[in-house]
Amino acid sequence: MAAVLAIALKDLKLLFRVKAALFFTMVWPLLVAVIFGSLFGGGGGGSTRLAIAITDDDQTAASKAFVDGLATRQGFDVLRTTDAEARDLVRRGRRVGAVRVPKGFGAASQHLFYGQSPKVELRVDPARQAESAMLQGFLLEQGAKRIQALFGDPGGGMVTGMLADVRKAPAGSIAGQDSLQSMLGSLDSFLAEQKRSQAAAGGGTTTAPAPSKGWQPLEIAVESIERQREGPANGYQITFPQGMQWGILGCMMSFAVSLAVERSRGTLTRLLMSPAPSWTLLAGKGLACYLAIMIVQTALMTIGAAFFGVRPSSVPLLVVALAIVPVAFVGIMMFVASLGTTEQGSAGAGWAIMMPMSMLGGGMVPLAVMPGWMQSLSVVSPVRWMILAYEGAIWRNFSVAEMATPCAILVAIGLVAFALGARRFQATLA
Amino acid sequence: MLNLTGLVKRYGSRTAVDGLSLTVGRGEVFGLLGPNGAGKSTTVHMAVGIVEPTSGTVDVGGLGSPTKPAVRARIGVAPQTLSLYDLLSADENLRFFGQIYGMPAATLASRVDWALGFVGLLDRRRDRVETYSGGMKRRLNLAAAILHDPDLVLLDEPTVGVDPQSRNAIFDSLLALKRDGKTIVYTTHYMEEAERLCDRVAIIDHGKLLALDTVRGLTQTHGGPPTLILRTAAGEERIETREPLAELNRQAAARGAAMPAEFEVAMPTLEQVFLHLTGRSIRD
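Residue numbers (our numbering), protein chains in the order written: chain A, 1 to 430; chain B, 1 to 284.
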């Protein structure tokens, strides 16, 4: 075991002393992840429109006007649907929020300054506080447009109707009934004057006075709906696993070639002449490769989490993925190392195998955007299972059972490839 | 210390070693000479157990085959190819090889100090090997072979490509090892090295043992007679004779006053023996 550790530490030391190897295992993957992440809309969603769902349960003229106002508003992407579906869309993160216009909205909209305020219900993900605040602001603004419409159409008769209501109401049933009756009377006279003036001027619009301070034109009931994330929160959650793949391939190729270097430099001969059995050499190389991949993965994930929002949905599952992924690639490293007895031979064979595996497995183009036939073919690539394991822990919300599939496949690939590689390597020694 | 019995190694139809048998005594410096492709390195590799003989046996120190870890631990090897990690320092290289040989940490540090001092590299111990000269690398290669205090040291052309100073330093180191009672098997192309260092020399070619004896014995048996060289005004006169002194007297008596004043007796050399036994055709 001491010999295995000595070989592993020596190989790690050598890896980190080769500047080119260090660049391609650490810096290059990070560049790939960051550059492509920002190209894919790293900040989260390429659209700046606020996507909401709206349910109109009232179906009155006022509610329809309210909904239409939002739908035609610039910067909004409105989907009209049922309340259940709207909630589901928010829960799955497909919509920022859901607005429900409940029954009674139209009736409440017939009153100003008394009676029930018109209400809407807003369902949002509590994590999206900025969007929630913005949405409430827009809803209030839309509610205020009702007042604007009132003053923009003095002949609408709404104030006259309200004045009649207040006069008919039993004494004391409305707070400040006398004052309200007086104010509505004055307002009715004022609007009648406005109408006459407009008629004299030949029509046209007038600017309505702003509603008095402190008055709420709309009551908003906010309900939190915890989001169940199904897609990546940002582009980096796609590109960091891909970048980690490049780091892993860099490590893997460095160690595969290092066996050929040991052979050509004669150090392999010296190691084989030692009392340590030849399997310790392979075990030491494998351990060094495993540790190097762990270091690369962990460093990239840490950077991704700290600066680019690549936060795992499950830390324990991420730890499992980080522990299992290197097993597969250590095995593949051993197999690749056995394919050539020279540095050029090993490197050539390695890239010839791994480039198609990367292309097929989603290492270059995300699996989700691949054509169907290619996605089916990708099951043969260890890169697919590696990326699936990472993504399962980062944004796919894998359960333990779901995570078991890619992990089991990766372990199987690792064990089979290591056994084949070790056998071939021993054969070349003989 | 080392017994090779009927060693044969075949690679397909090519026979690299063909029925080689020899014994190297404890504390002996044993030279293994042969032209390129004679089978020296293959013999060394079989002697340390990394190449399996097609037939025949190897025994080290009465302990058996060198494929056993315990036997290998008693062998030190300086391969012909410099077997060092260029990106590690001398210190790191030796520590690593010591760990591979299972040396306990307590003794490893002192043995590394000793080995580096032995080959004169203590002052450069922290420098990466890539910054070393060829001679320094050769010396470090030797240090790695003797670090674990082996009984049998196999040196495969340990002075290839080094300057006279480093070669001399390596010779001194080997003589010191000999004084310490180590058994050394030394393969080389340089006859003067074998003449200077080796107690006995084996000459092999095409995988076969052609001759095995002390240097003196080999020159007497295979080197031909000594040569009496008389230098006259017209040039040199060379007379091969088994009795140079008697021949000189005969020449003086026969020539009288015309006897040249300058003369020399050239004894047969190991190189003559080597060329006599292996031929003068160029090997690749």
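By construction, these hints were calculated from the structure, which means they are not laboratory data.
Mixed in with the good hints, there may be bad ones.
Said to hold, decoys possible - Covered stretches of chain A (chain B as the covering partner; in silico rule of three or more C-beta atoms under 8 Å from a C-beta of chain B):
#: 1; region: 12 to 24
#: 2; region: 275 to 287
#: 3; region: 297 to 311
Said to hold, decoys possible - Computed list of chain B residues with no C-beta within reach of chain A, every gap over 12 Å:
#: 4; residue: Thr57
#: 5; residue: Gly62
#: 6; residue: Arg74
#: 7; residue: Ile229
#: 8; residue: Leu248
#: 9; residue: Gln272
#: 10; residue: Leu277
Fair warning: this is a prediction, and the values are worked out from it, not measured in the lab.
For each residue, glycine too, the CB sits at the ideal point set by N, CA and C.
List of violated hint numbers, smallest to largest
Checked against the structure, the hints that fail are numbers 3, 6, while the rest are satisfied.
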